[in-house]
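J.: Quick note, the sequences are listed as chains A and B, same order. Using the working numbering, read the first sequence as starting at 5 and increasing by one per residue. Using the working numbering, read the second sequence as starting at 5 and increasing by one per residue.
If you are wondering where the hints come from, they were derived from the structure by calculation, not from laboratory data. Note that the structure is a prediction, hence the values are computed from the model and not measured. Check the hints yourself; a few may be wrong.
[Said to hold, decoys possible] Here are the simulated EDC-like pairs of lysine to aspartate or glutamate, each with C-alpha atoms no more than 16 angstroms apart in a straight line:
(1) K252(A) with E162(B)
(2) K191(A) with E30(A)
(3) K167(B) with D96(A)
(4) K209(A) with D96(A)
(5) K252(B) with E253(A)
(6) K172(B) with E164(A)
(7) K55(A) with E57(B)
(8) K171(B) with D62(A)
(9) K55(B) with D96(A)
(10) K167(A) with E164(B)
(11) K55(A) with D96(B)
(12) K320(B) with E261(B)
(13) K319(B) with D284(B)
(14) K167(A) with E253(B)
(15) K171(A) with E164(B)
(16) K55(B) with E57(A)
(17) K167(B) with E164(A)
[Claimed, not checked] The following label-pair restraints were derived from C-beta to C-beta distances:
(18) G259(A) with R130(B): 32 to 40 angstroms
(19) K27(A) with W145(B): 21 to 29 angstroms
(20) A314(B) with I22(A): 53 to 61 angstroms
(21) Q37(A) with A314(B): 48 to 56 angstroms
(22) D74(A) with V28(B): 35 to 43 angstroms
(23) R255(B) with A314(A): 20 to 28 angstroms
(24) H282(A) with V28(B): 34 to 42 angstroms
(25) A169(A) with S281(B): 32 to 40 angstroms
(26) K171(B) with N45(A): 49 to 57 angstroms
(27) I22(A) with W145(B): 23 to 31 angstroms
In this text, a Cβ means the ideal position worked out from N, Cα and C, and glycines have one as well.
There are 2 protein chains.
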Amino acid sequence: MIALAVVLAVPALAQRPIPGWTKVSETALPFRQYPRVDAANQIYWRLYAPKAENVYVDCRGQIPMQKDPDGWWYATSRPMAVGFHFYHFVVDGVTVTDPDCDVFDGRYGRSAAAEIPEGPEGDYYRTQNVPHGMVREVRYWSEYEQQWRRAMVYTPAEYELAKNARKKYPVLYLQHGMSEDEGSWPKQGRVGNIMDNLIAAGECKPMIVVMNSGNCGIRSGTPGVDFNAWAASFEPVLIQDIIPMVEKEFRALTGRENRAMAGLSWGGKQTLDIAMSHPDLFSYVGLFSAATNVREDQFDTAYNGIFADAAAFNKKFHYFFIGLGTEERMSSAGLSERLTAHGINNTFYSSEGTDHEWLTWRRFLKEFVPHLF
Amino acid sequence: MIALAVVLAVPALAQRPIPGWTKVSETALPFRQYPRVDAANQIYWRLYAPKAENVYVDCRGQIPMQKDPDGWWYATSRPMAVGFHFYHFVVDGVTVTDPDCDVFDGRYGRSAAAEIPEGPEGDYYRTQNVPHGMVREVRYWSEYEQQWRRAMVYTPAEYELAKNARKKYPVLYLQHGMSEDEGSWPKQGRVGNIMDNLIAAGECKPMIVVMNSGNCGIRSGTPGVDFNAWAASFEPVLIQDIIPMVEKEFRALTGRENRAMAGLSWGGKQTLDIAMSHPDLFSYVGLFSAATNVREDQFDTAYNGIFADAAAFNKKFHYFFIGLGTEERMSSAGLSERLTAHGINNTFYSSEGTDHEWLTWRRFLKEFVPHLF
Chain A
5 MIALAVVLAV PALAQRPIPG WTKVSETALP FRQYPRVDAA NQIYWRLYAP KAENVYVDCR
65 GQIPMQKDPD GWWYATSRPM AVGFHFYHFV VDGVTVTDPD CDVFDGRYGR SAAAEIPEGP
125 EGDYYRTQNV PHGMVREVRY WSEYEQQWRR AMVYTPAEYE LAKNARKKYP VLYLQHGMSE
185 DEGSWPKQGR VGNIMDNLIA AGECKPMIVV MNSGNCGIRS GTPGVDFNAW AASFEPVLIQ
245 DIIPMVEKEF RALTGRENRA MAGLSWGGKQ TLDIAMSHPD LFSYVGLFSA ATNVREDQFD
305 TAYNGIFADA AAFNKKFHYF FIGLGTEERM SSAGLSERLT AHGINNTFYS SEGTDHEWLT
365 WRRFLKEFVP HLF
Chain B
5 MIALAVVLAV PALAQRPIPG WTKVSETALP FRQYPRVDAA NQIYWRLYAP KAENVYVDCR
65 GQIPMQKDPD GWWYATSRPM AVGFHFYHFV VDGVTVTDPD CDVFDGRYGR SAAAEIPEGP
125 EGDYYRTQNV PHGMVREVRY WSEYEQQWRR AMVYTPAEYE LAKNARKKYP VLYLQHGMSE
185 DEGSWPKQGR VGNIMDNLIA AGECKPMIVV MNSGNCGIRS GTPGVDFNAW AASFEPVLIQ
245 DIIPMVEKEF RALTGRENRA MAGLSWGGKQ TLDIAMSHPD LFSYVGLFSA ATNVREDQFD
305 TAYNGIFADA AAFNKKFHYF FIGLGTEERM SSAGLSERLT AHGINNTFYS SEGTDHEWLT
365 WRRFLKEFVP HLF
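One chain only, chain A, in its complex shape (with noise of 0.2 angstroms):
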């Protein structure tokens, strides 16, 4: 007798075959035929839901939904970029998260996805026959927050090796995006898998990689309201509690030569704003699809006047990583462009094809790396 079994209730009804021609999504849970993607990138999806009259999928738009006389709705997407893209069903009014699928943390909160895969090409952010470093869930007190954070930190193969027992590593600091966490990164951006395999590959130097919730100041309201103060609330928990904390729990190398940071979207924001409010903390720096650029009136003014000048900013960052994909629309588009006008030495990174998600960011990663310590 086993109280925690859980059998869903398939009806007994014939259901439509499965599409021959499609295979099941990465992202589906064990057992699960569906989501499934075919090789002209559309995904498909399913959802048993005998009563309802509306149903579509929100996946970078709405998807109506067409009803079999069995209860199972049906849906195909147009060709989507490659890559990852969240989604969930609206079944008359209400969000359903698809029980299908795995979950992953973003849409402020746990949500559904369905990943068109790329070919050998990505093959860098797969699970290779390397050494495998490890991503380890850390607990610390936020003084600045008062309360306890969790922090994931990606440490190299090597670091466990006794010959390494003294041995230390640069840190790259790595923000998602707004309405994710720090668990986005390591599940959809597949920091482990992409840092063990460049790292295998010579490609990369070992680094410890740390990924903490930018979600700050939360008691101070709700999320879309005021855009800039809450990025900024990042800002104190990163420098008072989280770059001690690791400095001191990790064999981790100090100084501002030993530290880079990089983030996407709005994490991009909080990137730029924080390397460079603080140049005497970082030396690399990354935005990832940023939600944010500078203004060119302020151009000379903005950051204590961090990019008036030129030679002393190239002097003092060694790598300025600047990267779009093709399908988005973001804010720092032009940013690459302006600082290269204004004599700031920057790499401008375009992803083929990739839209506002995370393959887009797992290039990004992929590229930025190999150029860190």
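Chain A is fixed; fit chain B onto it per the hints.
T.: Just chain B now, with coordinates in the frame of chain A:
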């Protein structure tokens, strides 16, 4: 312009005021007001479903929800057993995960849950100001399964200290129940907090705790089919793949004197089956609400007759723990008495007032580990 920002539509009609005598469940997502709990151990739920005709909560039975004119549905549970309770909504026949709640690995997927808190007696599983170990996500190749798997591995705080760089630790292999996976013990089981607090108090030895999915052989069938064979398919993965990986990747002591195995429910059956079949591998055993027993007429023959010689058994196994909650009915009821009647030393622990749920198993872990190693 933040493409990822998803703001949930909140209707303008006046909503029911928050009941003042309740508080938000610790399982709710940040910013959310529901689910809630009160001092009478009742759970309060809310869901927006303006067009739905029939909505209930599935939480140890069906609890009908009532609709307000503004489209919000509400329900309050009966007084529940203290602890952790999975639930989902059923909206006109559709399973709906509460969008206000975090999700946990269970119910064959990702399920919401509410937690009815204990008072100070629950401090042992809460985050305290003590040295914190880490739960690490580890990827390993399973030769038996021919696929990559994920282990969650707790290492104690002192594991990181330079002075312990050559110190090795004993290992507890800890299994989840049916419908759950390797993410269950670290999250709702609160393994990190429980171990940290016990180690800091000097109540148990520093040890490594290894948590894996016991769901193996999944290519051979679906959940619920061939219960015994499905449970048994974990044995070769544990013995051939996991134990060697742990003893290679971690500073783990080897040999049966330094290994314990415990599991809950279906994982308790796996624990009894594996440990009794391999007395060369383990010397400590924990059965937490185990879904198993040993029939009287098979007592002398089960597991190659290991129980037939009580004196030899008692010499070999240093601690044999059996736990049950007072509010649950499991097949291992009576096993302790039967073992005792046959002269087999064992410790029975009854969890007062708890059901087949995670508070029961947190308590068992707390009672079990002080007797190890």
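J.: Hint by hint, say whether it matches the structure.
T.: Here's how the hints hold up against the structure:
1. K252(A) with E162(B): Holds, at about 13 angstroms.
2. K191(A) with E30(A): Holds, because 13 angstroms separates the two Cα atoms, which is no more than 16 angstroms.
3. K167(B) with D96(A): Distance of about 61 angstroms is beyond 16 angstroms: violated.
4. K209(A) with D96(A): Not OK: K209(A) and D96(A) at ~51 angstroms, beyond 16 angstroms, violated.
5. K252(B) with E253(A): violated (23 angstroms)
6. K172(B) with E164(A): Given pair K172(B), E164(A) holds - Cα atoms ~13 angstroms apart, limit 16 angstroms.
7. K55(A) with E57(B): holds (9 angstroms)
8. K171(B) with D62(A): Judged against 16 angstroms, a Cα distance of about 52 angstroms means the pair is violated.
9. K55(B) with D96(A): Holds. K55(B) to D96(A) sits at ~6 angstroms (cutoff 16 angstroms).
10. K167(A) with E164(B): holds (14 angstroms)
11. K55(A) with D96(B): holds (6 angstroms)
12. K320(B) with E261(B): holds (9 angstroms)
13. K319(B) with D284(B): Holds. K319(B) to D284(B) sits at ~13 angstroms (cutoff 16 angstroms).
14. K167(A) with E253(B): holds (14 angstroms)
15. K171(A) with E164(B): holds (13 angstroms)
16. K55(B) with E57(A): Status holds; Cα separation ~9 angstroms.
17. K167(B) with E164(A): Satisfied, since the Cα-Cα distance of roughly 14 angstroms is no more than 16 angstroms.
18. G259(A) with R130(B): 32 to 40 angstroms: holds (36 angstroms)
19. K27(A) with W145(B): 21 to 29 angstroms: holds (23 angstroms)
20. A314(B) with I22(A): 53 to 61 angstroms: holds (55 angstroms)
21. Q37(A) with A314(B): 48 to 56 angstroms: holds (50 angstroms)
22. D74(A) with V28(B): 35 to 43 angstroms: Hint holds: Cβ distance 40 angstroms, inside 35 to 43 angstroms.
23. R255(B) with A314(A): 20 to 28 angstroms: violated (50 angstroms)
24. H282(A) with V28(B): 34 to 42 angstroms: holds (35 angstroms)
25. A169(A) with S281(B): 32 to 40 angstroms: With a Cβ separation near 38 angstroms, A169(A) and S281(B) satisfy 32 to 40 angstroms, so the hint holds.
26. K171(B) with N45(A): 49 to 57 angstroms: Distance hint for K171(B), N45(A) holds at roughly 52 angstroms.
27. I22(A) with W145(B): 23 to 31 angstroms: At 29 angstroms between Cβs, range holds.
In terms of the numbered hints stated before, the structure departs from hints 3, 4, 5, 8, 23, listed from lowest to highest.
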